[in-house]
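There are 2 protein chains.
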Amino acid sequence: MPEQSVIRDAVASYLKAVATGSAADVAALYAEDATLEDPVGSEPVRGRAAITEFYSTLENMRQDVELLALRVAGDSAAFHFRVRTELPDGAAEIEPIDVMTFDEAGRITTMRAFWSPEDVHLAQ
Amino acid sequence: MPEQSVIRDAVASYLKAVATGSAADVAALYAEDATLEDPVGSEPVRGRAAITEFYSTLENMRQDVELLALRVAGDSAAFHFRVRTELPDGAAEIEPIDVMTFDEAGRITTMRAFWSPEDVHLAQ
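So the sequences go chain by chain: E and S. For the first sequence, the working numbering begins at 126 and goes up steadily by one. For the second sequence, the working numbering begins at 126 and goes up steadily by one.
Negatives, chain E to chain S, calculated, CB over 10 angstroms: (1) 140; (2) 143; (3) 149; (4) 156; (5) 173; (6) 178; (7) 181; (8) 209; (9) 212.
Reference excerpt, derived from the structure (chain S facing chain E, CB under 8 angstroms, subset only): (10) 164; (11) 194; (12) 196; (13) 197; (14) 198; (15) 199; (16) 203; (17) 205; (18) 221; (19) 222; (20) 244.
Worth flagging that the hints you see were computed from the coordinates, not collected in a lab. All C-beta atoms in this analysis are idealised placements derived from N, C-alpha and C, irrespective of residue type, glycine included.
Construct all of the structure, not just a fragment, from the sequences and the given hints.
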């Protein structure tokens, strides 16, 4: 089981990569055979190639990311965070709660994002 | 899959029962064969009898509970909340993130609580 500090660093790296990195940068934080379920209830995305494709849709958007709360337990983290995506006419904000598990090296093995469309808010 | 409103109501009922109800009141919100993992990484508690016993340790403590954030997706909810437990010399506060799944009737089928001992803070 990874150390709590390894998990905390991995979450910080993830949020930084989502904000400023490429899709490949984000996907590199995942284990090769990881799964991603975003939002929870949708068909999971499996493997790093498919995960890279998932994040590529966000790659050319300017995003600000802020961690609101992080809890670590066992090999897992649950965290609440804000994503603000700049759009031509304003910005879209959402504050999901994500749950991740990690391998010994701190790579993400599963990611599940809890949010629904009604949680997306438009802001100026 | 339960409606989002059923899940939201179930979370509200849970928090109210934790604050003011008996152990049996809390356990009654769980499905008969539910599992509870609190904290994540510990051995899960299985079935309503064992779940009642789990909550009985908290039954005689005065607890204030406040919902900080709730996200609903699929048959699941993730929520961040504050529990303040009154102690003889002050109070203990913790703000876990819990993840629950629900059956069609809105009963809790699984509960997983993300927190670690270092998240417990003593307050006056």
